[in-house]
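Join these two chains into a complex; the hints should help.
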Amino acid sequence: MKDAAILKSGVTLAAIAAICTALVAFTFQLTEERIEANEQAWLERSLQPALSGLFYDGSVTESKIIVPPPHELPGSDAAIIYRVYAQGAPVAALFVVSARDGYSGPIRILVGVDTKGTVTGVHVLEHRETPGLGDRVESTKSDWVAQFDGRSLVDPEPGGWAIKGDGGQFDQLTGASVTPRAIIKAIRNTLLYYDAHRVEIFAEVTAESNEEEEAP
Amino acid sequence: MTSSGFIDRLKTGLWYENPGLVQLLGLCPVLAVTSSFVNGLGLGIATLVVLVASNGLVSTTRRWIRAEIRIPIYVLIIASLVTCIELIFKAWFPALDRSLGIFIPLIVTNCAIVARAEVFAARNPVGASLVDGFVMGSGFAILLMAVGAFRELLGQGSLFARMDMLLGGEPMRGLVFTDGGWLLAILPPGAFFSLALAIAAKNALDRRRHEKLKRAMPRRA
Chain A
2 MKDAAILKSG VTLAAIAAIC TALVAFTFQL TEERIEANEQ AWLERSLQPA LSGLFYDGSV
62 TESKIIVPPP HELPGSDAAI IYRVYAQGAP VAALFVVSAR DGYSGPIRIL VGVDTKGTVT
122 GVHVLEHRET PGLGDRVEST KSDWVAQFDG RSLVDPEPGG WAIKGDGGQF DQLTGASVTP
182 RAIIKAIRNT LLYYDAHRVE IFAEVTAESN EEEEAP
Chain D
7 MTSSGFIDRL KTGLWYENPG LVQLLGLCPV LAVTSSFVNG LGLGIATLVV LVASNGLVST
67 TRRWIRAEIR IPIYVLIIAS LVTCIELIFK AWFPALDRSL GIFIPLIVTN CAIVARAEVF
127 AARNPVGASL VDGFVMGSGF AILLMAVGAF RELLGQGSLF ARMDMLLGGE PMRGLVFTDG
187 GWLLAILPPG AFFSLALAIA AKNALDRRRH EKLKRAMPRR A
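So the sequences go chain by chain: A and D. Residue numbering for the first sequence follows the numbering used here, beginning at 2 and increasing consecutively. Residue numbering for the second sequence follows the numbering used here, beginning at 7 and increasing consecutively.
Next comes chain D alone, as it looks inside the complex (with noise of 0.2 Å):
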């Protein structure tokens, strides 16, 4: 793969495909850790080593597996992986493991890794298989950190806490703006504004740069 033709995957799975922005896939584990960045982060690159594996696995099998059988090999796959990375988290983060607690194993019904085993690597060589599990993970990551950041900063006045879950070490408070904050973002429903505040920005985002390319070329629009 050219190095532009990774780019554009890249802007694909980030942007323009994001599997939390815009299939809305996922949204369990998008509305429920984001209560701060760490528990983002956390499940986000878990979230993404299953999904580059997973669609490595698939994509690597995928002469040999019948239709008929994908489904129920992809489901093995899937949770083998998963619960893999559960025992890792377990034996190196254990703190973090604890935050986000059942929430790791669910990874394996995050139908953003089953539409992509099915949509992409099933089809694909290895190679670009990897580089989509990779751009779509980033993506959903990405959106996890960003909305965790959102809500940790607005419902409680801090960016970063708690980081030593990931990186070990003494507790860190992170950056602390002010003591206490807006209840309401932490709270189950502030995740839901949050992903709708993200959402609508996008798409704010998108039609703006469209309008500007239409003036920009009237003739051809």
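The following block holds chain A by itself, in its conformation from the complex (with noise of 0.2 Å):
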């Protein structure tokens, strides 16, 4: 190729790519407040389950810290910690953890925990479970998780922390035991780091407020 015609092609791909890169820039800035507003409402929408039956103030969403690993709760990734307050008075946590053993891959919960240590909702945001089978934790496919709901690190006692196959007092999943299994361990995990660190997580300052605090 000549070096008139490496040039033109040069030339004409330059002009594409800026076009192309205009023409995403422009459909960026016309689509990203509402895309804000979607992830938004679609974590608050998430933490719905885990709030149902208590009064709380504003936006959960704010009072969030971000526990690096290691940590003791459940899963090997970070774990999110909802603050929910009413009145200036602690209500509940929510807790965003990975049960670490799903049949495969980790399986990412929320465990709401109100001020009594009592389960005020478990929802399961993501995992890799077969369908059919072990996604019937979801709660539009079975109400399996809805068993949880106001048990505590006493009801039933340490034994009991277990499908019934297993001696425990919670229904098993047809087809799927590992599933169940992963994810009453990481509940009750989630209830002992609540139990040992419950002064602490509402003592500590909100993920915003530190940035604030580090900013110069």
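To be clear, the hints were calculated from the coordinates, so they are not data collected in a lab. Every value quoted in this text rests on a predicted model; they were computed, and no experiment measured them. No false leads were mixed into what you were given.
Interface residues of chain A toward chain D, partial, derived using beta-carbon atoms under 8 Å:
1) 24
2) 25
3) 32
4) 35
5) 39
6) 132
Counterexamples of contact, computed for chain A against chain D with all Cβ distances above 10 Å:
7) 156
8) 203
9) 204
Where a beta carbon is used, it is the ideal one built from N, C-alpha and C, also for glycine.
Right, here's the structure in full:
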């Protein structure tokens, strides 16, 4: 190819790249606000199952603490804690943790715990369990996760925190025992963590105010 | 283009040269997202829009593009369009975006789109290329919907569940025929079986018609 031809190709490529970039930039501008609002709304909605029956103020997502690994909560990735307040007093803490030993990879779950250490709700956020078997832990597919509402470390006693097949008190899912075992263990470990750290959880400053302090 | 010409093109895209059924292009999305009707419809529409727009752009710019650099330019155009579609999905259909996940950005790698750019849009005027994008995209989308509906019906015993992801509003359960279904259909092997059945059905129909024609006109055959 001659120099002129190479130059022409280069200019064409650059021009088309510029036009395409402009197109993407314009679409981004157009959609940015809506996308942010959607993500916020999705987050708030995904926390709802653990907030039912609670009275609380304003936006829960502002009181977020990110607990980087290693931590004593279930999972080897960062855990997230949302504090829920009503008129300045703590009401509950919502934990987003990972049950590490799912059938196919970690299961991300949301566990709400009120100030008395009682489970307010459990919701499976992300998983890769087998469709039709393990995926019945999703609240849209069966009400299996509802059985944890109102449970605590003393209800049932430690030995009862297992599926019935293992001598515990919780229902199992036909054809899937690994998934329920993993989730039950994660919920119980979350409750244990809450029991040991409840003062610190509510005393800790939020991630956002942390950033402000660090700013010059 | 005359209306009979358009109908011929439509028949070609939907049946005789259906990108999924006959050309077997873009099988990755066909197999991966068709676990329900709404997923198939969502990805079908996204692919259709990208295909029409990319055919339009490739055809408009075809005179300025040297043959040596055409492939990078197709990739640029397609990748930008897909990014725009992804942003639009995230903004207006967030639930569907979550459900389709990685398969929206992966439209970039759908070879049906590059194939139409190379085979058709690069050598035909803008109008014809837009029509080609529309008929081929529709053929692909209809296949996605058909396989999605078939697998959802067999695997979950329902049809048109979760249409709210496209239409908005409260979660919809769609038409529910039975509770639970034949698990295999929504697992990955179900995708292969369903596509194989669709291709077999098409071939059987084609053969039957061919034989009928032969019998009707024995002398010419």
